[in-house]
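Undergrad: Please work from the sequences and hints to get the whole structure.
Its first residue numbered 25, the sequence shown is counted upward by one per residue in my numbering.
If you are wondering where the hints come from, they were derived from the structure by calculation, not from laboratory data. Model, not experiment: these values are computed from the prediction. Errors might be hidden in some of the hints.
[Claimed, not checked] Label-pair ranges, simulated between beta-carbon atoms:
1) Ile59 / Tyr32: 28 to 34 Å
2) Arg67 / Tyr40: 32 to 38 Å
3) Met70 / Tyr32: 18 to 24 Å
4) Asn42 / Ser66: 25 to 31 Å
5) Gln29 / Gln64: 33 to 39 Å
6) Arg67 / Gln29: 36 to 42 Å
7) Glu62 / His41: 36 to 42 Å
8) Leu33 / Met70: 28 to 34 Å
9) Tyr32 / Asn71: 32 to 38 Å
10) Val52 / Tyr32: 16 to 22 Å
11) Gln29 / Ser66: 38 to 44 Å
Every residue, glycine too, gets a C-beta built ideally from N, C-alpha and C.
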Amino acid sequence: MSNYQEGYLCRCCGKYHNELPMSYGSPVPDYCYDIPSEEQESRIEMNEEFS
Numbered sequence: 025m026s027n028y029q030e031g032y033l034c035r036c037c038g039k040y041h042n043e044l045p046m047s048y049g050s051p052v053p054d055y056c057y058d059i060p061s062e063e064q065e066s067r068i069e070m071n072e073e074f075s
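TA: What follows is the structure in structure tokens.
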């Protein structure tokens, strides 16, 4: 018996959806991970407009 449940909790609307998501996103663009972690806070600006 499996505990697997198909569906997800949406981070945009906060609701649980019984189907699998059809699009995926990243919290930051991939190139942000190229910046050394000790420099990220001073070099990356994120706010609601960018997320």
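Undergrad: Run through the hints listed earlier and report the numbers of any the structure violates, in increasing order.
TA: When the structure is compared with the hints, numbers 4, 8, 9 turn out to be violated.
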